[in-house]
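Build the complex: two chains, separate frames, hints provided.
Chains as they are written, first to last, in numbering that gives the first Met the number 0: chain A, 0 to 657; chain B, 0 to 139.
The set of hints was computed from the structure by calculation and includes no laboratory data. Even glycine gets a Cβ: it sits at the ideal position worked out from N, Cα and C. Take these hints with a grain of salt, some might be off.
Said to hold, decoys possible - Here are the computed lysine-lysine pairs in the DSS-like style, where the Cα-Cα straight-line distance is at most 25 Å:
id : chain 1 : residue 1 : chain 2 : residue 2
1  : A       : Lys524    : A       : Lys641
2  : A       : Lys304    : B       : Lys131
3  : A       : Lys30     : A       : Lys524
4  : A       : Lys500    : A       : Lys301
5  : A       : Lys524    : A       : Lys500
6  : A       : Lys301    : B       : Lys131
What the hints assert, rightly or not - Here are a few chain A residues that sit away from chain B, every Cβ distance over 12 Å (derived from the structure):
id : residue
7  : Leu46
8  : Gly114
9  : Ser133
10 : Asp182
11 : Lys210
12 : Gly364
13 : Ser481
14 : Glu644
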Amino acid sequence: MNDNKAEFALMVDLTSGRVSREAIDPGLIEKYIGGTGLAARVLWDALAPGVKPLGPENILVLAAGPLCGTLAPGSGRLDVAALSPITGTLGTSNAGGFFAGELRWAGYSLVVIRGRAAEPVYLWIDDDNVQLRSARHLWGRDAWETIDVLKQSLAPAAADRVRVAAIGPAGEKAVAFASITVDYHHSASRTGMGAVMGAKNLKAVAVRGTKGVRPARGEAFVAAVSEYLRGQPPFGWYTRILGFRRDAALAAGDIAGKHYQEGVPANWPNVLNQVEAAHYRRTDSPSACHACPQCCNTLEVKEGKFQGLVMGDWVNWATNDWAGVCAVDNIPAVGYCLQLCEKLGLDSGNCAEAVGFATELYQRGVISDKDTGGLKLAWGDEEVIFELIRRIGRREGLGDILAEGSARAAQRLGGEAPRYAVHVRGLAPLPTDPRLGTGWSGRMLAASHLTGVRGDNIKGAHLLPHYEKLPFIRPPETQGMSDDEYVRDYVSKRIMPESLKLTVYGSPPRVDPLAYGEGKACLMKFLEDFVMVPNALGMCLHIRMSPGMYARLYSAFSGADTSEDDILRLGERSWNLQRAFDARLGLRRGMYDLPDRFYEEGIGNGPARGAVLSREAVAGWLDLYYRVRGWDIETGIPTGEKLRELGLSDVAAALGGA
Amino acid sequence: MRQQLICEPGRCTGCLFCEMICSFRREGVFRRDGAVIRIVTEEKTILHRAGYCAHCDPPACVAACPSGSLALSGGLVSVDAATCSGCGDCAAACPTGGIFITGSNVAVKCDLCGGDPACVSFCPSGAMRYIKPATGSEEA
Chain A
0 MNDNKAEFAL MVDLTSGRVS REAIDPGLIE KYIGGTGLAA RVLWDALAPG VKPLGPENIL
60 VLAAGPLCGT LAPGSGRLDV AALSPITGTL GTSNAGGFFA GELRWAGYSL VVIRGRAAEP
120 VYLWIDDDNV QLRSARHLWG RDAWETIDVL KQSLAPAAAD RVRVAAIGPA GEKAVAFASI
180 TVDYHHSASR TGMGAVMGAK NLKAVAVRGT KGVRPARGEA FVAAVSEYLR GQPPFGWYTR
240 ILGFRRDAAL AAGDIAGKHY QEGVPANWPN VLNQVEAAHY RRTDSPSACH ACPQCCNTLE
300 VKEGKFQGLV MGDWVNWATN DWAGVCAVDN IPAVGYCLQL CEKLGLDSGN CAEAVGFATE
360 LYQRGVISDK DTGGLKLAWG DEEVIFELIR RIGRREGLGD ILAEGSARAA QRLGGEAPRY
420 AVHVRGLAPL PTDPRLGTGW SGRMLAASHL TGVRGDNIKG AHLLPHYEKL PFIRPPETQG
480 MSDDEYVRDY VSKRIMPESL KLTVYGSPPR VDPLAYGEGK ACLMKFLEDF VMVPNALGMC
540 LHIRMSPGMY ARLYSAFSGA DTSEDDILRL GERSWNLQRA FDARLGLRRG MYDLPDRFYE
600 EGIGNGPARG AVLSREAVAG WLDLYYRVRG WDIETGIPTG EKLRELGLSD VAAALGGA
Chain B
0 MRQQLICEPG RCTGCLFCEM ICSFRREGVF RRDGAVIRIV TEEKTILHRA GYCAHCDPPA
60 CVAACPSGSL ALSGGLVSVD AATCSGCGDC AAACPTGGIF ITGSNVAVKC DLCGGDPACV
120 SFCPSGAMRY IKPATGSEEA
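In isolation and in its complexed conformation, chain B is listed as follows (with noise of 0.2 Å):
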């Protein structure tokens, strides 16, 4: 089983505590647009989905990248950021919605905090799971 993030819509709260822990490991700073994850709210109605990386098997953002910027390799897509173009193909080819550009356009998107992703241990609701890559086995 492939190792992935899980955000069940019925239980996430909208809080936020995602994104603020993800732009804090990314870059010391807490902000929306340093994250990448992304809860989108509809506010009338109170419903969120969340927006990250699901690794995909295959990767459509992979075959989006006109630069072979972007690679799946060991369960993981990652973003070489010194061909990459900022060119945002690859986010608009993602079926997820995470897949960021940033202000000084480079592709960004979620490495899984190298197996122990943040979002999930600061997820107050547990509707954040994180799935490992060999045992298939859940953290939530």
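Just chain A, same shape as in the assembly (with noise of 0.2 Å):
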């Protein structure tokens, strides 16, 4: 059982077929904690420049945060971290679930693979009997069937005590964007790391835990994990807030419609009816990762094509993505869209920057049948799209193409193909239109963009918007309240230290959704340190909580005292080490930057019709950025009095202590 001493790492070698474990070095966890910060140290110290993302000396960490498997709300999910395919650079990846849980209780906290495999395996991790076993019989299958034919033949009599990481077709073709499907409906997405499982020849990873994580100071663990839930509204909240997030798209127009041509496309009104209509949506038990209070919607198609469509796990993104980017008109197909990349192994929102990409092309002829192979490619149309994703999957015909991701296939392509190709440094950015210079996501989301450290701001100040929603949003029971009264009661409520708020906010608290000055600087700085807290522990960023009922969680926990203080330089740290990681592969500010089309183009309808971004302001945002940052203000690279004061001074002495 793992009881705190210490923390161990599975260590695979694919190349030679031997595995072992390793207890990994307390200097790092009280550094790092675990998770994403963990496993980028891990891949600091062992990836030298020079590295290929498909080559066999890349390395693939699965990272499980200290709390996973325990009673902390949201403790499920799964960090995946190796150089990424579609970035060039340091590639990070996060699974819901129950996987991360299981690999607790098996005893271990991280797993390090190396190598290539002689040819397809899998590995079996069944607490501490852990085997490379032939997966040639999986070779080809998708990633659903895969890991069906796993959890039966592992344990067929408590199927979901197994729970497995497998690739689809897509991870085996090494297509940039695959992901990393876990149990059906969960995946990680993000910065293709199933194009690196692949390349390893590594089919999937199962993993059986019985031994379990204690508690160093377990009642104090779980009067602060009841204290937490005690706080929440009624079960339910959260499913509906999502819905509400929609609602603000829609007045905000920045809907990202036929691939960033309409902020509000015509379809909208009609898929945010079908996405609340009660017939799409499991109401009263949606779908819950590892002990998770609030659970995000769980889709079940009723009637109709397709009846008998459960997908969990349902957040905004894919309905942003294909019914937003792609003009799919109903909700339905919009889950098939999904369900067809968890099987082929695909990330749902890249393929759909790559579907929508390639159909804006079409639209504007710098593609014919010739290249499409003869689809018609059209906005919504279902069917179409669904082959097409199925062909970037397999990497057929113009899918082949695609598969690169938008970026290295408009170059491939060539012409004017390259002026449409939605990406920050490769990778999609999430589906909400950053040009939007009128509204409550747009500023801030296209100066997140390009500060993200992986190429988009998911796992970064994405949640940015949601402090600054005002003046769209007011929810029902502030309606009594005055002007005042209202934005002193909402940034009372902001989950922030006390003197950030000051500093965001002034006295007495103003809002003001379209300045950016330094202290909105400031709390974007927070946010994406932030974020790299739950990130470290093993917990979802869907689970508000503050940096004290964190710090509360993990010194319960370990036993240590870890500070509202210690939790946030933590995240600090984490984020500084993987700029600097990037850093050290030669990325300098200007790389990190949006498409020209941003600066030229003006969204094509609704309320935000005509917004551009523009250099100038987006350069002056991310000048305030570095400053608050401590980064240099030419380059971007962190300073080395900066990372020398967050206990990186190797870090700074092989960046050139600058």
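Spelled out as structure tokens, the structure:
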């Protein structure tokens, strides 16, 4: 059993077939706790610049944070990290479900996978009994079939006690945005981690753990969880909030319709109605990940062409991806797109970008039937979209080109194509329009796209607009308040240290979503650092918890006394290390940018019609941000002073200590 | 009315809070195998049911036990660990999947936490309920 005296890594060398268990240096645990930060540190130490993402020398790290598999709310997140085949830099991804808990119960906080197997294998972790087994019978099968076969063969009597992370055809064929599908409905989607697995000839990892984890101060740990849960609104509030967010997108006009051509696509009101319709949602028992008290939506189609389709882990983005970017006009078909991606092992977000990109090129005559293999790409034509997803997943025809992601595909297609690819360093951003200058999500979101450490802002400040949603949304219960009272109430409820509130909102507090000053830069920095805390602990970023509560939970669990300041410093350290990782590979400020079209081409319709980004404004926001971060304003590299302050002197030295 | 736990399948989200707090209360450890409630999930369709002792009257487990180690008393079915051989006949006879055989070969099962079941107090969706013995009133 894991009693917190030591944490262990399972070291797997696919080339030699050797597996071993190693204690993790306690100094690393102290500095990074676990999860994303620890995985990034392992890769910083082990991956010399020059390694190719799909070469055998790349290292794939699975990381289960220390709180995974406990009573801590949302403690089911698995981190996956490696050099990314789509960005060429540090790739980190994160999956929900129950895999991470099993890994911890089996006694491991990390699985470090090196080399390349001579032929397809899967890794079976059954407590201390760890084996590499042939996966020849699984190669070529989709991820769901693979998960079926492994659960049935490894635990026929209790299939749900074995958790499986598997790749589909997309990972086998090195689609640059291939994902790792976990237990059907969950996935480590972003940054192409599935392709890294495929390049290693590793089809799946299956795990069952029976040993468990023991908190150092158990009663204090349980009391903290209990207190957190008592402070939550009645069950069901979260799935309602998800709908709230979509309404706000409509009001703001930032839906990225038809691949960023329309702020409010014509299909959107209908799509919204369907999302809210009870007959597409399981309202009483949405599906939970491990120890989740709130649950994302669960789609369940009860009638029509897609009857019987169930998709868990249903957050907004699939709707924005497929109904927005690709203009699919009904939610069941959106669900089917997502299911195809889960089965083929594709990142739904990046796949929607590739499909939307191709459809826009076809609409504009940049590509023709000759390029598409006869597919008549059309907005919202679901059968054509399904077929293109399949071709991408299996690298057939145009799908083979799009499988590189729209940035590299654009180079291959040539002509006008590069003008329309939407990406930040190769990775598709979250599909909300960054051009919005007038709304609650615009400026902050655009800025956060350019500061994210992996090429998007999900593991970053994408929650920032929620802090700035005035004046678009005012919850009904605040209707009786005056504007001043509302602002005070609103600010008092934001999760951030009081001193930061003063910097961001001033005194008396003022909220201006259109302003961007030093306060906003501080807010971005805080949110980015803060997101790294649940990512270190193994918790879900959708669980809203104060830094103090994280510190309390971790202290009770580990037996060490970790303060709120320690926790936030840990987040900042993690963020800086990840940025330093990419700086060591040569990334500089100018490489973090949105495509030219967002600076040149206005949003086509809706309340934000005509909005464009201004290069001067964006440069100004970034200047402020870099200054607040303590990074070099010209290069964007964390300064030696900042790194040393965070206890990263060796990292500073490796970067030249500027 | 007899005291019992109820898990309403249509409201269970499969989050495992019940298993985690159950295992912690029993052994101070978080793990599925330490719990005496077991959520069984059909993962593709995401449907759950819970296996736990219903303290049946008459109890099939008591009838099935070859060593007389199980007894129903005061509305509570309990195991005498000293005489239990861990043969598993009780678990096989249990209609609800509420008896578990541990690694050290003893049958273990729910004792309703002495009348304040922890799984009920930690269930976030309200699927788990407890019916008190005398009054029949519910606690969620």
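Regarding the assertion that Ser481 of chain A does not contact chain B, is the least Cβ-Cβ distance greater than 12 Å? Non-interface label stands for Ser481 of chain A: nearest chain B Cβ at 35 Å, farther than 12 Å.
Far enough from chain B: is every CB of that chain over 12 Å from the CB of Leu46 of chain A? About 33 Å separates Leu46 of chain A from the closest Cβ of chain B, which puts it past 12 Å; holds.
Outside-interface status for Ser133 of chain A - nearest CB in chain B farther than 12 Å: Given that every Cβ of chain B is farther than 12 Å from that of Ser133 of chain A, nearest at about 24 Å, it holds.
Straight-line Cα separation of Lys301 of chain A and Lys131 of chain B no greater than 25 Å? Roughly 37 Å between the alpha carbons, so the hint for Lys301 of chain A and Lys131 of chain B is violated.
Under the criterion that the straight-line Cα-Cα distance not exceed 25 Å, is the pair Lys524 of chain A, Lys500 of chain A satisfied? The given pair, whose Cα atoms are some 13 Å apart, holds under the 25 Å limit.
Hinted pair Lys524 of chain A and Lys641 of chain A, Cα distance within 25 Å: holds, 14 Å
So if I understand the rule, the pair passes when the alpha-carbon distance is 25 Å or less; does Lys30 of chain A with Lys524 of chain A pass? Status holds; Cα separation ~19 Å.
With d taken as the least Cβ-Cβ distance between Gly114 of chain A and chain B, does d exceed 12 Å? Fine: 31 Å to the nearest Cβ keeps Gly114 of chain A off the interface.
Please check whether the beta-carbon of Gly364 of chain A is more than 12 Å away from every beta-carbon in chain B. Answer for Gly364 of chain A: holds, closest chain B Cβ roughly 42 Å.
Determine whether the non-interface label on Lys210 of chain A survives the test: each CB of chain B must be over 12 Å from its CB. With a cut-off of 12 Å, Lys210 of chain A comes too close to chain B, as the shortest Cβ separation is near 7 Å.
So if I understand the rule, the pair passes when the alpha-carbon distance is 25 Å or less; does Lys500 of chain A with Lys301 of chain A pass? Since the Cα atoms of Lys500 of chain A and Lys301 of chain A sit roughly 46 Å apart, the hinted pair is violated (cutoff 25 Å).
Hint consistency between Lys304 of chain A and Lys131 of chain B [alpha-carbon to alpha-carbon, up to 25 Å]: Violated, at about 47 Å.
Checked against the numbered hints listed earlier, the structure breaks hints 2, 4, 6, 10 and 11; every other hint is satisfied.
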